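Produce the complete structure using the sequences and hints provided.
First to last, the protein sequences are chains A and B.
All you need for our numbering is the position in the first sequence, starting with 1, plus 575.
All you need for our numbering is the position in the second sequence, starting with 1, plus 575.
Honestly, the hints are just simulated from the structure, not real lab data.
Careful: at least some of the hints might be erroneous.
Where chains are identical, the list cannot tell them apart; a pair therefore holds if satisfied intra-copy or between any two copies.
Unchecked claim - Below, in silico cross-link-like pairs of lysine-lysine (DSS-like), each with a Cα-Cα straight-line distance of 25 Å or less:
#1 LYS711 <-> LYS722
#2 LYS696 <-> LYS722
#3 LYS667 <-> LYS650
#4 LYS731 <-> LYS696
#5 LYS731 <-> LYS650
#6 LYS711 <-> LYS696
#7 LYS696 <-> LYS650
Everything numeric in this text was worked out from a predicted model, so none of it was measured.
There are 2 protein chains.
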Amino acid sequence: MNTENLKSDTDAEFDLPRFFPYLVRVYYRAVSESVSAVYASLYNLTVSEWRTMAVLGPYCALSASEIVERSSMDKVNVSRAIKGLRNAGFLKRDIDGDDRRRAVLRLTESGIDVFHSLTPKVSEVEQQLLEGLSEKERQTLIYLMEKVQQNAERLK
Amino acid sequence: MNTENLKSDTDAEFDLPRFFPYLVRVYYRAVSESVSAVYASLYNLTVSEWRTMAVLGPYCALSASEIVERSSMDKVNVSRAIKGLRNAGFLKRDIDGDDRRRAVLRLTESGIDVFHSLTPKVSEVEQQLLEGLSEKERQTLIYLMEKVQQNAERLK
DNA sequence: TTGACATGGTTTCATTTGTAACTAATTTAA
DNA sequence: TTAAATTAGTTACAAATGAAACCATGTCAA
Chain A
576 MNTENLKSDT
586 DAEFDLPRFF
596 PYLVRVYYRA
606 VSESVSAVYA
616 SLYNLTVSEW
626 RTMAVLGPYC
636 ALSASEIVER
646 SSMDKVNVSR
656 AIKGLRNAGF
666 LKRDIDGDDR
676 RRAVLRLTES
686 GIDVFHSLTP
696 KVSEVEQQLL
706 EGLSEKERQT
716 LIYLMEKVQQ
726 NAERLK
Chain B
576 MNTENLKSDT
586 DAEFDLPRFF
596 PYLVRVYYRA
606 VSESVSAVYA
616 SLYNLTVSEW
626 RTMAVLGPYC
636 ALSASEIVER
646 SSMDKVNVSR
656 AIKGLRNAGF
666 LKRDIDGDDR
676 RRAVLRLTES
686 GIDVFHSLTP
696 KVSEVEQQLL
706 EGLSEKERQT
716 LIYLMEKVQQ
726 NAERLK
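Written out as structure tokens, the structure reads:
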């Protein structure tokens, strides 16, 4: 009898394709890739740049740290995204008169054009991702993800 | 009247904190971090190394490309993970006699020890992540994630 | 055979990302 | 009023990741 290929009870408990965090990773990558394909192929934006744009939108004027708060990115990535967007001419910066450490950021005309060109396209991808799910299923999915996320944050 | 802060109908449609792919990313990062904390802090393993270990487990002897198939990693990352695990003494490699391009990989004794030390801990984290979700909710979550994932793969 | 193609795996290079240290401006408290 | 601590943001360095080129071996077809 070949005991080599028999799994003991303890080992049998671990099975990567059913391991929840593994499933989450595969899921995330599929989702993430389908969205980044849009802004990366059209305007060569990175995730951080796209998100910075998305937080600002056409009207907002925010400081870098306000972008940090609203985007769940860290300040280094925001700083880099700002640099990239400024180089591309999509974002402008004005130093705050009162607090000269702060700089107020807003999209330029051409940044706003890019924003208006991208949002319908990424929203369309969003809809395609959720295709086949009822409104209730969509809500359930988001609700359950948030619950898991809260558990994860509690673990830290 | 201050029109600056009024959003037109088209702009109002885009709101990052409700953008589904954004929610997925935040969710993924929370989950991912709580698991990698375990294997990274205990044995300094990278994600790829941990997954390679998890695919092999204590009994399997697989080639690098078989690991690729079962782990949804690409061959470059698998190759690097193998290198890392070999350097750490957790994995050994035997060149196949018939096809000398292939190498059969398996965990060493100490690799198996690490595996047996990690699996209960990561499984525990998995349970904590899913805490407060009923069995049915867990199944629903996984089912819905898979559905979205399939949509994403169709988009490529 | 032997030349073309396929396969298994590694290396190289460029980009991304994270951590920590840093500068500059501002606030606080002695 | 000035030294210490905070805050805003950047830079520097190291690790991780992806794409493409690259060997080495093996297969297949003329």
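Hint-by-hint comparison with the structure:
1. LYS711 <-> LYS722: both (16 Å within a copy, 14 Å between copies)
2. LYS696 <-> LYS722: between (29 Å within a copy, 21 Å between copies)
3. LYS667 <-> LYS650: within (18 Å within a copy, 42 Å between copies)
4. LYS731 <-> LYS696: For LYS731 and LYS696, only the inter-copy Cα distance (15 Å) is at most 25 Å; the intra-copy one is 36 Å.
5. LYS731 <-> LYS650: within (20 Å within a copy, 32 Å between copies)
6. LYS711 <-> LYS696: Close inside one copy (24 Å), not across copies (35 Å); limit 25 Å.
7. LYS696 <-> LYS650: Intra 27 Å, inter 32 Å, cutoff 25 Å: neither.
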